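Protein sequences, first through last, are from chains R and A. Sequence positions in the first sequence follow our numbering and run 334 to 600. Sequence positions in the second sequence follow our numbering and run 114 to 508.
Hints in this document: simulated from the structure, not taken from any laboratory. The structure presented is a predicted model; accordingly, all values stated were derived computationally and were not measured. Take the hints with a grain of salt, since some may be wrong.
Said to hold, decoys possible - Restraint-style ranges between C-beta atoms, simulated for each label pair:
hint: 1; chain 1: R; residue 1: 556; chain 2: A; residue 2: 226; range: 48 to 58 Å
hint: 2; chain 1: R; residue 1: 553; chain 2: A; residue 2: 118; range: 30 to 40 Å
hint: 3; chain 1: R; residue 1: 372; chain 2: A; residue 2: 332; range: 18 to 28 Å
hint: 4; chain 1: R; residue 1: 503; chain 2: A; residue 2: 401; range: 41 to 51 Å
hint: 5; chain 1: A; residue 1: 361; chain 2: R; residue 2: 335; range: 26 to 36 Å
hint: 6; chain 1: R; residue 1: 491; chain 2: A; residue 2: 322; range: 12 to 22 Å
hint: 7; chain 1: R; residue 1: 556; chain 2: A; residue 2: 228; range: 51 to 61 Å
hint: 8; chain 1: A; residue 1: 217; chain 2: R; residue 2: 543; range: 32 to 42 Å
hint: 9; chain 1: R; residue 1: 372; chain 2: A; residue 2: 418; range: 30 to 40 Å
hint: 10; chain 1: R; residue 1: 405; chain 2: A; residue 2: 224; range: 42 to 52 Å
Claimed, not checked - Some chain R residues near chain A, calculated using beta-carbon distances under 10 Å:
hint: 11; residue: 357
hint: 12; residue: 563
hint: 13; residue: 564
hint: 14; residue: 583
hint: 15; residue: 584
hint: 16; residue: 586
Glycine included, C-beta positions come from ideal geometry on N, C-alpha and C.
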Amino acid sequence: MFRALQFTFGAAIVIFLLMPIFAILPLAFTSSVFLNYPIPAYSMRWLHELTTADVWRTSIVNSLIIGGGATVFATVLGTLASLGMRKGALPMVGLLRTLFLLPMVVPAVVLGVGMQIFLVRLGLASTYLGVIIAHAVLCIPFVIVSVSAALQGIDPSIERAASSLGAPPVTVFRRVTLPLAVPGVVSGAIFAFATSLDEVVLTLFVAGPNQRTLARQMFSSIRENINPTVAAAALLLIIGTLCLGGLAALLRWRQKRSALKTAPSAI
Amino acid sequence: MKAAILRERSGALLLVSPVLVFMAVFFLWPLWAMVTAAFVDDAVSKVLPRTAAIIVSWDGQGIPSEAAQKAFVQDLTAATDEQALGEAVRRLNSAASGFRTLLGRTIPAVKAASEPAQVDLLTVDPRWKDTRFWVALKEAMPPYTDRNILAAVDMKRDGSGSIVLEGADASAHRLIMLRTLLVAAMVTIACAAIGLPYAMLAASLTGWKRSVLLLAVVLPLWTSLLVRTAAWFILLQNEGLINRALQAIGLIDSPLPLIFNRLGVVIAMTHVLLPFMVLPIYSVILGIPGNLMSAAQSMGAGPVRAFWRVLLPLSLPGLLSGSLLVFMVAIGYYITPALLGGANDQMISSVIAFYATGTANWGLAGALGLILLVVTTMLYTIYGRFSTSSRLPGA
Numbered sequence: 334m335f336r337a338l339q340f341t342f343g344a345a346i347v348i349f350l351l352m353p354i355f356a357i358l359p360l361a362f363t364s365s366v367f368l369n370y371p372i373p374a375y376s377m378r379w380l381h382e383l384t385t386a387d388v389w390r391t392s393i394v395n396s397l398i399i400g401g402g403a404t405v406f407a408t409v410l411g412t413l414a415s416l417g418m419r420k421g422a423l424p425m426v427g428l429l430r431t432l433f434l435l436p437m438v439v440p441a442v443v444l445g446v447g448m449q450i451f452l453v454r455l456g457l458a459s460t461y462l463g464v465i466i467a468h469a470v471l472c473i474p475f476v477i478v479s480v481s482a483a484l485q486g487i488d489p490s491i492e493r494a495a496s497s498l499g500a501p502p503v504t505v506f507r508r509v510t511l512p513l514a515v516p517g518v519v520s521g522a523i524f525a526f527a528t529s530l531d532e533v534v535l536t537l538f539v540a541g542p543n544q545r546t547l548a549r550q551m552f553s554s555i556r557e558n559i560n561p562t563v564a565a566a567a568l569l570l571i572i573g574t575l576c577l578g579g580l581a582a583l584l585r586w587r588q589k590r591s592a593l594k595t596a597p598s599a600i
Numbered sequence: 114m115k116a117a118i119l120r121e122r123s124g125a126l127l128l129v130s131p132v133l134v135f136m137a138v139f140f141l142w143p144l145w146a147m148v149t150a151a152f153v154d155d156a157v158s159k160v161l162p163r164t165a166a167i168i169v170s171w172d173g174q175g176i177p178s179e180a181a182q183k184a185f186v187q188d189l190t191a192a193t194d195e196q197a198l199g200e201a202v203r204r205l206n207s208a209a210s211g212f213r214t215l216l217g218r219t220i221p222a223v224k225a226a227s228e229p230a231q232v233d234l235l236t237v238d239p240r241w242k243d244t245r246f247w248v249a250l251k252e253a254m255p256p257y258t259d260r261n262i263l264a265a266v267d268m269k270r271d272g273s274g275s276i277v278l279e280g281a282d283a284s285a286h287r288l289i290m291l292r293t294l295l296v297a298a299m300v301t302i303a304c305a306a307i308g309l310p311y312a313m314l315a316a317s318l319t320g321w322k323r324s325v326l327l328l329a330v331v332l333p334l335w336t337s338l339l340v341r342t343a344a345w346f347i348l349l350q351n352e353g354l355i356n357r358a359l360q361a362i363g364l365i366d367s368p369l370p371l372i373f374n375r376l377g378v379v380i381a382m383t384h385v386l387l388p389f390m391v392l393p394i395y396s397v398i399l400g401i402p403g404n405l406m407s408a409a410q411s412m413g414a415g416p417v418r419a420f421w422r423v424l425l426p427l428s429l430p431g432l433l434s435g436s437l438l439v440f441m442v443a444i445g446y447y448i449t450p451a452l453l454g455g456a457n458d459q460m461i462s463s464v465i466a467f468y469a470t471g472t473a474n475w476g477l478a479g480a481l482g483l484i485l486l487v488v489t490t491m492l493y494t495i496y497g498r499f500s501t502s503s504r505l506p507g508a
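Isolated chain A (complex conformation) (with noise of 0.2 Å):
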């Protein structure tokens, strides 16, 4: 008997064992890969580790001692590796401008030099002399770095090391932040104006009118989100549908600014997002046995009365689930706020893409996708403690 059961447990691990594979492999590691990208800063210590060891005890203060230069000689010779050279640089540079011309010129004297350890760097460049370059090649030894992670809070370490609010002009992550908030909330609200009552209207129908009804809110889910985005795009500009029908029956004189603006964003988004509000509800309504309201009529409440205190308070469990849903996909959106947006409508994701393609900045694109990770994993985590099961509609 035990025999029997190890043998189908070993058989059940058997075929799920390449899909676990393939998920550990190309699902978890990746978003490994974006969390230590975020804390991670070893491209200079790798390179120059000879330096790293003596430089720590430096104490910021001149130049380091002869031995440390005569580490930062050797290593410099002992660099072979073009590609992690190059990195090691870019970071260097971007710690205290003008590193990139000044190891430009002092690489290759170093290397062209017949005796290496006789190389003196104050002769090969006299920017050598300034304390501002050893102390952004001591800040750069650390392997990890907090720098990215407050970057994304739009915070930073000063000089002394204490962590201090950056300055108001440098960036605007919070901003962006409250900003996504604040989009997905006004999504989700939309939704839920719209989805409650249309659910409802759908359970109490019957025949080929829940049919319409039910369809209007499944075609959309089998549209592709791009032709959705682009239909949008077309009925929302300036000479777009809705402008002209409203110009047409006198309602206004100048289009109406629909588009690359909040409104336009928030409308394509309640469009796309509708049936993940709708599909909860009514599923939780039609759960509902029938006759709660005839029974709570009968007992002499009105139909106002009756909706408000029996079916109201019943579909709230749809509401809920479906409003956290909404919300989960809404805060993590990135085609419909790129192409129907502004530049002030774009969202969390818009500039963890842009760090990550425009700049090739990972870190800092790593700690903001962890910032997004971390919230949306909270949220599915309420989710499925809130709805019966932890499928999403739709799929």
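The shape of chain R in the complex, shown without the other chains (with noise of 0.2 Å):
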């Protein structure tokens, strides 16, 4: 009896998490033009409509542009950050690890009103620049988690090994470090490209009309007229964030195995 109730809860929040994704992806191939059930036939028509039509097609360019530039400053800045907090050389390391980690805590709206006022004076508003920076500051945070994370991984005495057989400080670090850190600062990557890709709140302030993003373009697209499109952005959407899932996990995969190999004893 209570195995029988504990299966019918599992089972119902499972299909409560799951149920929405699932959802929604088959309408990507409906043939109506209502994002509805039960879907009359298949078509690809909304597919194409989202690679042909321009306001979509332009936006999932803008998207791609402003997440790669936008990964390309947060990663470079927050390895850095994390190579220069990691020896805990630094007076007041918890401090500067709580700022850089604030912009996942302050909520959406609050920042975006700063950055509006604080772009509009610098001339950045609905600018590239403006909207990659703005991403940029809520991707460090993911950044800088996952590459600390793969720093605290390495053992110190590899490297300590690599500067006792004779390495100069340069060498242990580009030879040694850095080739351990990497899949933490892919990962990094990974995570800054998918914040960028969902971020609408901070991109309705600070974006003009051409910087609009494709995550911009669905919260309009479902508050004026919500058609298949969205389904089919969805789609697309997903798809793209599995593959940077799967991608990610793989590495931390890897990173895991090629720790248990580097320090055998552990084992």
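Two chains, two frames, a set of hints: combine them into the complex.
The structure is reproduced here in structure tokens:
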């Protein structure tokens, strides 16, 4: 009896969690103009619309430009910062770390208002650079978390071994530390890109009509006239994030395996 | 030795400084810009500095002295920055309606005059005899204001300068704040009610069953928020899957209103925030030694008693940090209420967005944003105390 109850509860919540994602996907292939079940016939018209209609195609291109730019900014800055905070040589490292993670906590609307006022003053409002910078602020915490975790996983004795064998610090860094940190950097970059891809609120505040991203376009479409293009865009985003997520998981798995390999005593 | 430490420290500083500068300029400064927007009110005094210096000593009776009027004319003649002048006019017009047309006539007249010092305002436009405009001008002069922050909590200063409640019909910021807290609390309770047993169940299972339960939590985290919101739109609408299913099995005759109301917002937000509840509780339960439950049972406690006295108290820290996290994220939510809620479900973020992007009233947007920022920071500080790591799950 208790077991049955457990099973029912677990299954119900799993369905609750997963149903929305699976419910939206088939609608990308509907032939109807309504974003609704039942599906009268399957067709590619909405995927076609997504890739040919000007607003949607531009928004996909914009998402890639802005996501790429923000990822580069965030990955470079976040990786440098993680390396700097690694050894604990700096005073108040805890405070710094909290500051760098704050963009995850501050409500997006609050940051959006501030960014809007600030970027207007700088003359960067409604420019690609402005949107890229705004997104990078949100992406940096994800890079720092990921790279810091990777750096923490490096056994310091490996680096000590390298320098005791006569390698100068630069060589130790280039040949030992960096290769071991690369999976963390790459998965940080993936997180950063995914964050930028999904960002709507800041974009609403700082982007002009020319910087409309895919997520922003989906937002207006749901708000103004929802049609199956939204489902097609959702399919694209899900496939995109699943690929990115799979890549990140693969990297994490390889990192774990190589960590085990380099420290056989831990097994 | 000391030199080595110093070198290491300066190296570390060199690595951290780019991000530090970037965050200071593009994160802290914008937040500061938002806060100052709420309190700075120098649009008028910047354009009319001479008037500002003289008019403060005016007693507010009749019209100001000849000298003040001369200074005003002089300021208007000297004002060449069209944008700044436009902002000043907008600010004055919001204080006293009609100011825009009054200045619209006065400014060209003053600028066209060959001898600006000789211009008599009262002949340019007789409306300058109206004390109302001069009072508005005087009151717009102090460079700092508490007008916005008072308006954010439905208060204002009356004629004598004391703080009073705004009329009930004026605006409803308090109501919206209350609603924000209410919706966030409902979502938190729903997440706790589902998340606690779910996390316990996941922790008690092994093998593929546990993997399925955990995957179901992580997969939505990896899915775009827009996708999830659009998906709930599809499920909840009147001809949506849920209403159709309920109608098909004969539970209801006409569609239940599930969208554009509070219920829809709470359901979708619970779905989005549930992982933030499950993951902290799950990690806390995993840390509880497994033999504690068997020890309790071996000492004669029934399964219910062992659960009630051992497992539940030990999972409370997870429940607490999960609840704080969900509540903290929920009060700042914008997208889900904006897309799935009705006019009466809009939360504080929507109001802030409305003032900032809809009416360009950055002062009021800044004041409301400051309140939201302070509340969130307080919650985050408490969360940092309770949870062992300040890292957010899913990050």
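Quiz item: Looking back at the numbered hints, which does the structure fail to meet, lowest number first?
Solution: Hints 2, 6, 9, 14, 15 and 16 contradicted; others consistent.
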